[in-house]
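Position chain B against the provided structure of chain A, taking the given hints into account.
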Amino acid sequence: MKIVKINEDNCIYCHLCEVACVVEHSQSKDIIKAFKREEKPTARCGVEFNYPLSLSVMCRHCDDAPCMEACQNGAMHRDDRGYVVVNEDKCVGCWMCVMACPYGVIKRDTRRDVWGLSTKCDSCPDRDVPACVEACPNNALMFEEI
Amino acid sequence: MKIVIIGNSVAGINAVEAVREKDKISEIKVISDEQTRAYSHPLLPNFVVGDVSRAEERFYYRERNFYEKHNVKTLLGRRAVKIFPKNKYVELDNEEKVDYDKLLIACGGKPFVPSMKGVELNGVHTLTNIKAADKLKADLPNIEHCVVVGGGLIGSKIAEKLAKKGVKVTLVELMRRVLFPVLDDAGADYVHKELKNLGVKLVLEDSVVELKGDKRVKEVVLSSGKTIKANSVIVAVGVRPNLDFVADSDIEVNKGIIVNDYMQTNIDTIFAAGDVVEAYDIVISQKRPIPILPLAARQGRVAGLNIIDSNVKYKGGFPTNSITIGNISFISMGIVDSDEFEVLKIKKDGEYRKFLIHDDKLIGAILVGNIEKAGMFNWMIQNRFDVSWIKDTFLNSDFGWKYFNKAFRVLRLDRKIK
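Residue numbers (this note's numbering), protein chains in the order written: chain A, 1 to 146; chain B, 1001 to 1418.
Same shape as in the complex, but just chain A (with noise of 0.2 Å):
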């Protein structure tokens, strides 16, 4: 299976990577669209920044995913391609999946009404390649077998 390889040594604290995720995860996946009129998702991946060091992170997609096992109602779960994602309309906002996620990179939305919402990279299941693989403009994020 392949996950985006992050090679922190290319990476340039450029955030398109989050530009790129932000966009595809959109309803219109327009980029004016999604930055100024709809409701913009949040980016699944997160670029941390300490100079020199600057670096990409999101999902690994572990075999024996943490989260998944932490989950209360199996809203975090693997799909058909072996990513893990979560279900949106059974997603409640626990947060028991951000307590248990090793690499830290499971965000909250707080947005909604009642539910909150947790948010991870879901490798984009739209896309041959995530769209942050194809935007980093370094070969930061590399689609790899894993």
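Accuracy of the hints is not assured; some may be wrong.
Covered, in the sense of this in silico footprint (three residues per stretch, anywhere, with C-beta under 8 Å from a C-beta of chain A), are these stretches of chain B [as the list claims (entries may be wrong)]:
{"hint": "1", "region": "1040 to 1049"}
{"hint": "2", "region": "1276 to 1284"}
{"hint": "3", "region": "1296 to 1303"}
{"hint": "4", "region": "1368 to 1378"}
Calculated pairs, SDA-like style, for lysine to any residue (alpha carbon to alpha carbon, straight line, at most 20 Å) [unchecked claim]:
{"hint": "5", "chain 1": "B", "residue 1": "Lys-1022", "chain 2": "A", "residue 2": "Asn-50"}
{"hint": "6", "chain 1": "B", "residue 1": "Lys-1073", "chain 2": "B", "residue 2": "Lys-1086"}
{"hint": "7", "chain 1": "B", "residue 1": "Lys-1418", "chain 2": "A", "residue 2": "Asn-50"}
{"hint": "8", "chain 1": "B", "residue 1": "Lys-1391", "chain 2": "A", "residue 2": "Asp-64"}
Restraint ranges, calculated between C-beta atoms of paired labels, are given here [to be verified]:
{"hint": "9", "chain 1": "B", "residue 1": "Arg-1216", "chain 2": "A", "residue 2": "Pro-125", "range": "34 to 42 Å"}
{"hint": "10", "chain 1": "A", "residue 1": "Ile-31", "chain 2": "B", "residue 2": "Arg-1064", "range": "51 to 59 Å"}
{"hint": "11", "chain 1": "A", "residue 1": "Asp-79", "chain 2": "B", "residue 2": "Glu-1096", "range": "38 to 46 Å"}
{"hint": "12", "chain 1": "B", "residue 1": "Asp-1185", "chain 2": "A", "residue 2": "Asn-139", "range": "49 to 57 Å"}
Hints in this document: simulated from the structure, not taken from any laboratory.
Every residue, glycine too, gets a C-beta built ideally from N, C-alpha and C.
Using the frame of chain A, we list chain B on its own:
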């Protein structure tokens, strides 16, 4: 092979999934005294106040066709009353005998109800399963003032939920703070404030000794002598392993069913997992019941794999809890309140972070407000990671991968170290 599982919740379901990963042929039977398909226990307070109902998929632990898809026969609404290990069968409440080759006991916990006079009165509830939740939900229109006994996870959550619905709520807690084993004083202080903001009255360091009333509870008497007018009481003092039907069997029991590293009891054809067992706590280095959902899932999975002889060890666990009260989220893990260890803590704008370290290993943490990357600390506790060189960065709100040593970070993120 005939596999029988007593219990239809987290541990049992994860065992089924583990078995079926490799074994599509063995017969699996699941016995449960509950009629419902596996549901989410942590959602019961939400269920009571109507945030979620039986009609919603969100309420359930697995999809409707789970049993069919995994070729599982269910015996729902049936209670296992006795196990006969020599003849390898389980007797049900209708005297039916269910034969097994391998048995998994995953029947969970039951609410602990402390002795108090008047506990049989109408209006007195518990909240650990759907039956109790249904009863409380049906009674909800009658409830004006509710006394919640016990400020644990269930007690605090239902107090919050009822207060939001406009019910007058008094929370009575024996210790000096709510969520006693889960938080420290500084952490619990945030919960106290949130609950008070919602109108919950807190009575700490006190307990309920008597419930008064004719048919329905009218008044609650505390050990301090104080009385509270209330027409409902929810007892949420905690859960204990449900040992009813193993009590007079040959299965070794202490506080919970004793299991080895393979989730196997002293009888090698009988396994146990979840809230009913006492398994190894790697932080305090001894066996004890830790009734939390992620460990029930892991133990159930390990039991399932070993039922089909996969020889997988349970590495041990420790308590981890995540709860949101009012507007604040809390995550805690391991040992959270002790003077015996090195303590790092910081309180800043809307955030509290605390870490306990022993022999250069992280053994516990509290995160309040900012719970980002909590699981990275979970990993460090579970893997007895040497934190001596990185612990100074734990108090930073932006704690993350950038603070790790490069070689280690690359190996971890490439999944070369699990």
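Taking the hints in turn, this is what the structure says about them:
1. 1040 to 1049: That given contact holds, which follows from 5 residues of the region 1040 to 1049 of chain B lying within Cβ reach (below 8 Å) of chain A.
2. 1276 to 1284: Per the Cβ count (0), the hint is violated.
3. 1296 to 1303: holds (count 3)
4. 1368 to 1378: holds (count 7)
5. B:Lys-1022 - A:Asn-50: violated, 45 Å
6. B:Lys-1073 - B:Lys-1086: violated, 24 Å
7. B:Lys-1418 - A:Asn-50: violated, 24 Å
8. B:Lys-1391 - A:Asp-64: violated, 27 Å
9. B:Arg-1216 - A:Pro-125: 34 to 42 Å: violated, 54 Å
10. A:Ile-31 - B:Arg-1064: 51 to 59 Å: violated, 40 Å
11. A:Asp-79 - B:Glu-1096: 38 to 46 Å: This hint holds: roughly 39 Å between Cβ atoms.
12. B:Asp-1185 - A:Asn-139: 49 to 57 Å: At 50 Å between Cβs, range holds.
Of the numbered hints stated above, those contradicted by the structure are hints 2, 5, 6, 7, 8, 9 and 10, listed in ascending order.
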